[in-house]
Amino acid sequence: MAELQLKDVRKSFGVVDVIKGVSLDIKSGEFMVFVGPSGCGKSTLLRLIAGLEDITSGTLEFDGQVVNSLAPSKRGIAMVFQSYALYPHMTVYDNMAFGMQLQGGTKDQIKKRVENAAELLQITPYLERLPKQLSGGQRQRVAIGRAIVRDPKVFLFDEPLSNLDAALRVATRLEIAKLHHSMNNVTMVYVTHDQVEAMTLADRICVLRDGIIEQVGTPLELYERPQSLFVAGFIGSPKMNFLNGKFADAFKANTIGIRSEHIEIKDGAGIWSGEVVHSENLGSDSYVYVDVGSSEPLIVRQNGTTTKQLGDKVQLAPIGDSVHRFDASGKPIAH
Amino acid sequence: MTTEDTVIGALAVRPPKAMRSELFVSRTRAAMWFLLPMIVALAVVAGWPLLRTIYFSFTDASLSNIAAAKYVGFYNYLNWTTLKSGRTLWGGVLADPAWWNAVWNTVRFAAISVVLETIIGMVVALVLNADFKGRGIVRAAILVPWAIPTIVSAKMWGWMLNDQFGIINDIFLKLHLIDHKIAWTATGDTAMTAVLVVDIWKTTPFMALLILAGLQMIPKDIYEATEIDGIHPIKTFFRVTLPLVRPALMVAVIFRLLDAMRIFDLIYVLTPNSAQTKTMSVISRENLIDFDKFAYGSAESTLLFLLIAVMTILYIWLGRVNLDGGDR
Amino acid sequence: MLWAYTKRTGFYLLVIAIVVESVFPFYYAILTSFKSGTSLFEVNYWPTQISWDNYAAVFQNGSFPQNLLNSIIIATLTVALALLFAVTAAYALSRVRFRGRSLLLLTILSVSMFPQIAVLAGLFEVIRTFGLFNTIWGLIFSYTIFTLPFTVWVLTTFMRDLPIEIEEAAIVDGASPWVIITKVFMPLMWPALVTTGLLAFIAAWNKFLFALTFTSSNSTRTVPVAIALLSGASQFEIPWGTIMAASVIVTVPLVVLVLIFQRKIISGLTAGGVKG
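Chains as they are written, first to last, in my numbering: chain G, 1 to 335; chain V, 1001 to 1328; chain Y, 2001 to 2276.
Don't read these hints as lab results, they were simulated from the structure.
Given the structure is predicted, the values throughout are model-derived calculations rather than measurements.
There could be a bad hint or two in this list.
Stated by the list, open to error - Below 25 Å or equal to it, Euclidean Cα-Cα: the simulated DSS-like pairs (lysine-lysine) are:
id: 1; chain 1: G; residue 1: Lys132; chain 2: Y; residue 2: Lys2007
id: 2; chain 1: Y; residue 1: Lys2183; chain 2: G; residue 2: Lys112
id: 3; chain 1: V; residue 1: Lys1220; chain 2: Y; residue 2: Lys2007
id: 4; chain 1: G; residue 1: Lys178; chain 2: G; residue 2: Lys239
id: 5; chain 1: Y; residue 1: Lys2264; chain 2: G; residue 2: Lys132
id: 6; chain 1: G; residue 1: Lys246; chain 2: G; residue 2: Lys132
id: 7; chain 1: G; residue 1: Lys252; chain 2: G; residue 2: Lys308
id: 8; chain 1: Y; residue 1: Lys2183; chain 2: Y; residue 2: Lys2264
id: 9; chain 1: Y; residue 1: Lys2264; chain 2: V; residue 2: Lys1220
id: 10; chain 1: Y; residue 1: Lys2183; chain 2: V; residue 2: Lys1133
id: 11; chain 1: G; residue 1: Lys74; chain 2: G; residue 2: Lys112
id: 12; chain 1: G; residue 1: Lys107; chain 2: Y; residue 2: Lys2183
id: 13; chain 1: G; residue 1: Lys239; chain 2: G; residue 2: Lys266
id: 14; chain 1: G; residue 1: Lys308; chain 2: G; residue 2: Lys266
id: 15; chain 1: Y; residue 1: Lys2183; chain 2: G; residue 2: Lys74
id: 16; chain 1: V; residue 1: Lys1235; chain 2: Y; residue 2: Lys2264
id: 17; chain 1: G; residue 1: Lys153; chain 2: G; residue 2: Lys132
id: 18; chain 1: G; residue 1: Lys111; chain 2: G; residue 2: Lys20
id: 19; chain 1: G; residue 1: Lys266; chain 2: G; residue 2: Lys246
id: 20; chain 1: V; residue 1: Lys1133; chain 2: Y; residue 2: Lys2007
id: 21; chain 1: G; residue 1: Lys331; chain 2: G; residue 2: Lys266
id: 22; chain 1: G; residue 1: Lys111; chain 2: Y; residue 2: Lys2264
What the hints assert, rightly or not - Example chain V residues on the side facing chain G (calculated, C-beta under 7 Å, incomplete):
id: 23; residue: Ser1021
id: 24; residue: Glu1022
id: 25; residue: Leu1023
id: 26; residue: Tyr1315
Stated by the list, open to error - Ranges of calculated distance between the beta carbons of each label pair, as one might list FRET restraints:
id: 27; chain 1: V; residue 1: Trp1048; chain 2: Y; residue 2: Ser2219; range: 40 to 48 Å
id: 28; chain 1: Y; residue 1: Pro2187; chain 2: G; residue 2: Ser12; range: 19 to 27 Å
id: 29; chain 1: V; residue 1: Val1240; chain 2: G; residue 2: Leu102; range: 46 to 54 Å
id: 30; chain 1: Y; residue 1: Ile2073; chain 2: G; residue 2: Gly39; range: 41 to 49 Å
id: 31; chain 1: Y; residue 1: Pro2187; chain 2: G; residue 2: Lys107; range: 15 to 23 Å
id: 32; chain 1: Y; residue 1: Leu2077; chain 2: V; residue 2: Ser1026; range: 30 to 38 Å
id: 33; chain 1: V; residue 1: Ser1026; chain 2: G; residue 2: Gly39; range: 48 to 56 Å
id: 34; chain 1: V; residue 1: Ile1228; chain 2: Y; residue 2: Leu2077; range: 31 to 39 Å
id: 35; chain 1: Y; residue 1: Phe2130; chain 2: V; residue 2: Pro1272; range: 55 to 63 Å
id: 36; chain 1: V; residue 1: Leu1318; chain 2: Y; residue 2: Ser2267; range: 40 to 48 Å
Beta carbons are placed, not taken as given, at the ideal position from N, Cα and C, and that holds for glycine.
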């Protein structure tokens, strides 16, 4: 377990600034998720923590010790790569044992650690197999196992689920969450572009955009109190509805946002009225697209199957006090 | 604030140099050690001898007594003496008609062979790119000329082109293409043709394979799209295939061209002592070793080297070839 | 329908032409090598006799077996040495970012472009000075000028294609560059090493100019020079039968090797050429 501190970390590749001054405290034992759109720098930031890239300026501290100049293997980290990065010519056992062998562990010590990790991840039957004989999900577990054997202070995950199919992704997500609990809450830093993964796994989420931090907070904080238009639109699926112009004026704001699950279709009068232009039926819920006269239709969530048809005229109103108000610079206006 | 204060202030406020991770320092250091053996080897085996050859060209060195070489400036390249009668006698490589004949032979050979090898290589590559039964056999077959050592091909073809007992004369006579046996490798006019035939036979597979690699990088769906659009195959070739294979083609052509300019083995063995085929390499060696005009031969070698160097630089500059080792 | 049929036939005729044109000279050499006596002086398109006289003559020549051995030793050693130097150099050139890397690659490429004749004079002096004239080591030494750049170039291209994440995983595991090369890359690269070695071997086997110039006695000559200098009893008699037999002896192993490794060779040739 280790506490990480990033202090005004910057990274440039030649003349291109990728990380533009990131300061962040990651608590010991916390599950921190870096999330953001493509190109925001989340993977780069992870690689800076790992030591696979040089930090251009700023400091990175593990438990108060500056580690900028330390090689990755000396920082007490372990990394799970997006494409697993298993050594193709070595068995699963050798893959997991490689790091310890280099560091000079005894055969018994290595055997114990590898077998424990294999047990934890249920890959003991595969120890003598080669990676090419395993499925994607099994390979991913081996990659995690290899990281566990290192007994790291900080676990780093670089989009580990993106190469798996949807069902496997959900199952492995659960495994990773269980892993966090069973490993005495080791500090984990996890990078993903999928905000559902972020919301379900994280203790805290760090939303990045264009090399700077937009907001850091618990999933609920980001969901209920986004500190910018960007975060409001990024977190939550489907995307938050935004209205400006006369719609926002009515709430004395430059832009207002309201989530689809916070709008209801009223039998009587509502605040907005419009026509149904599209609907999506997912069985468990449905999403109704209503054109209320703004540039984009409002998406409204309904439980179960909707009764509304294309062309129906409906009245909409927000549920409770769930309208987010934003000023001209995209910052939230306090209630 | 005075100017000095501003400067001092600016310097003081400058952020400290980034702390380089020991990972990168150790990797770069390892890289230097890894490269050292190779660099030293190349310097000793290639760099130094090249410099010596250039040096010799500026001296009067001779094979039997290299150590006693004395500096003579550009004498070997160009010199002149004015006779009492007022006539100027020119000497040196640049005034030597044999040298210019060799240059002409080399250029002629290189141009014709590369053009023909490219065209025929393209045809063979197109054939190999198509899907048909027996493709493996064809691919294996064309590797045969490439695998045979040059000297052996020279002898094999020398035998086939033999004026008395050669099979080529036999076939041509039977097909009424000629009316008497031709001494292909001995007659001035036909010697270059003989050399070209053998070289094209031997090198076309190499060109074909390089072009084939380029062809195989073109996605198949482009051809499917042209089929749906109903474009004639010839038009498809010139408007679609050729532009897409151009990068690979250019690389293959330049490699071959530079290679062709340096040719020695084939000519030495197939058509020795033939003035119509003597190339720059051949005449250089002749002077260097056979005639013991060591310094003179060195000058010729240097000129050939310069020519190739200029061609290479031109190609890289014009093609702006990206030879970086990648972004790792 | 008729047009399609004509196209098809035309295509296959072209294919047959290519195959025949490629293989015929070699076939004819084999044919000739089995003839002896006066039948050499008739032109035949099909085998008329199988006589081993020429082959016997080749081996009784005295130095031909020695020449074969020389060629094998020289080609093997020069390739082995080149590979040794090239593996580590290729790692540095393909996986480590440093200033001047592209310049270095360019220089290596340009060395392989040197006309052999340009270094002949200088090499001659070096070889004489070190007493390597007319020795096997003299040739191994001089052949390095093309085997080394070639192997470096091809190996660099192959190494560049190895996935970077495997190397990063090894770095996280604490592997030094040397460990990465020996324990992670080499096991993955041995097919590439075999191909590169084979291509370099064939090229070295083929070399003529240096062998011609730096050796002066039959016992140190290599096969290309031996074949080029094969002469008959008198000045005017060229022993074509023997020459063909020697050619076949020298070529058959090469052709067999090339055919066995064709796929690898083709990928190796194109890796060096096209991606360059």
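Results of checking the hints against the structure:
1. In summary, the hint linking G/Lys132 to Y/Lys2007 is not supported, as the alpha carbons are separated by about 45 Å, beyond the 25 Å threshold.
2. With a C-alpha separation of about 23 Å, the suggested pair Y/Lys2183 and G/Lys112 falls inside the 25 Å cut-off, and the hint holds.
3. Between V/Lys1220 and Y/Lys2007, the direct Cα distance comes to roughly 21 Å. Compliance with the 25 Å bound is thereby established for this hinted pair.
4. Annotation: proposed proximity of G/Lys178 to G/Lys239 is violated, straight-line Cα distance about 29 Å (limit 25 Å).
5. A threshold of 25 Å between alpha carbons decides the hint, and for Y/Lys2264 with G/Lys132 the separation of about 22 Å falls inside it, so the pair holds.
6. Taken as a hint, the G/Lys246 and G/Lys132 pair is broken in the structure, with Cα atoms around 60 Å apart against an allowance of 25 Å.
7. The straight-line distance between the Cα atoms of G/Lys252 and G/Lys308 is roughly 31 Å, outside the 25 Å bound, and the hint therefore fails.
8. Restraint check for Y/Lys2183 and Y/Lys2264: the C-alpha separation of about 23 Å stays at or below 25 Å, so the hint holds.
9. A distance of roughly 23 Å separates the Cα atoms of Y/Lys2264 and V/Lys1220; the hinted pair therefore holds under the 25 Å criterion.
10. Distance hint between Y/Lys2183 and V/Lys1133 is unfulfilled; the C-alpha atoms sit about 42 Å from each other, more than 25 Å.
11. The hinted pair formed by G/Lys74 and G/Lys112 meets the criterion: a straight-line CA distance of about 22 Å does not exceed 25 Å.
12. Under the criterion of a C-alpha separation no larger than 25 Å, the hint pairing G/Lys107 with Y/Lys2183 is consistent with the structure, at around 18 Å.
13. Taken as a hint, the G/Lys239 and G/Lys266 pair is honoured in the structure, with Cα atoms around 22 Å apart against an allowance of 25 Å.
14. Using a Cα cut-off of 25 Å, the hinted pair G/Lys308 and G/Lys266 holds, with the two alpha carbons roughly 12 Å apart.
15. About 20 Å separates the Cα atoms of Y/Lys2183 and G/Lys74, which keeps this hinted pair within 25 Å; it holds.
16. A C-alpha spacing of about 34 Å is found between V/Lys1235 and Y/Lys2264, which places the hinted pair above 25 Å, so the restraint is violated.
17. Pair hint G/Lys153 plus G/Lys132 does not hold up; C-alpha atoms about 30 Å apart against a cutoff of 25 Å.
18. Annotation: proposed proximity of G/Lys111 to G/Lys20 is violated, straight-line Cα distance about 44 Å (limit 25 Å).
19. For the hint pairing G/Lys266 with G/Lys246, the CA-to-CA distance comes to about 21 Å; that is within 25 Å, so the pair holds.
20. Pair hint V/Lys1133 plus Y/Lys2007 holds up; C-alpha atoms about 16 Å apart against a cutoff of 25 Å.
21. At roughly 30 Å between alpha-carbon atoms, G/Lys331 and G/Lys266 are farther apart than 25 Å, so this suggested pair is violated.
22. For a cut-off of 25 Å, the pair hint linking G/Lys111 to Y/Lys2264 is broken: about 39 Å separates their Cα positions.
23. The criterion of a C-beta within 7 Å of any C-beta in chain G is met by V/Ser1021, whose closest approach is roughly 5 Å, and the hint holds.
24. Taken as an interface hint, V/Glu1022 checks out: its beta carbon lies about 5 Å from the nearest beta carbon of chain G, inside 7 Å.
25. Given hint, V/Leu1023 at the interface with chain G, holds; its Cβ is 4 Å from that chain's nearest Cβ, closer than 7 Å.
26. For the restraint placing V/Tyr1315 at the interface with chain G, the shortest Cβ-Cβ distance is roughly 27 Å, beyond the 7 Å limit, so the hint is violated.
27. Range check, V/Trp1048 to Y/Ser2219: about 29 Å between beta-carbon atoms, so the 40 to 48 Å window is missed.
28. For Y/Pro2187 and G/Ser12, the Cβ-Cβ distance of about 36 Å falls outside the hinted range of 19 to 27 Å, so the restraint is violated.
29. A hinted range of 46 to 54 Å holds for the C-beta pair V/Val1240 and G/Leu102, which are about 52 Å apart.
30. The supplied range of 41 to 49 Å is broken by Y/Ile2073 and G/Gly39, whose beta-carbon atoms lie about 57 Å from each other.
31. Range check, Y/Pro2187 to G/Lys107: Cβ separation about 21 Å, and the 15 to 23 Å hint holds.
32. Checking the proposed 30 to 38 Å range against Y/Leu2077 and V/Ser1026 shows it holds: the Cβ atoms sit about 33 Å from each other.
33. Hint check: V/Ser1026 to G/Gly39, Cβ distance near 31 Å, so the stated range 48 to 56 Å is violated.
34. The hinted range of 31 to 39 Å is not satisfied by V/Ile1228 and Y/Leu2077, whose Cβ atoms lie roughly 57 Å apart.
35. Taking 55 to 63 Å as the suggested C-beta distance range, the pair Y/Phe2130 and V/Pro1272 does not conform, at roughly 31 Å.
36. The hint said 40 to 48 Å for the Cβ distance between V/Leu1318 and Y/Ser2267, and at roughly 29 Å that hint is violated.
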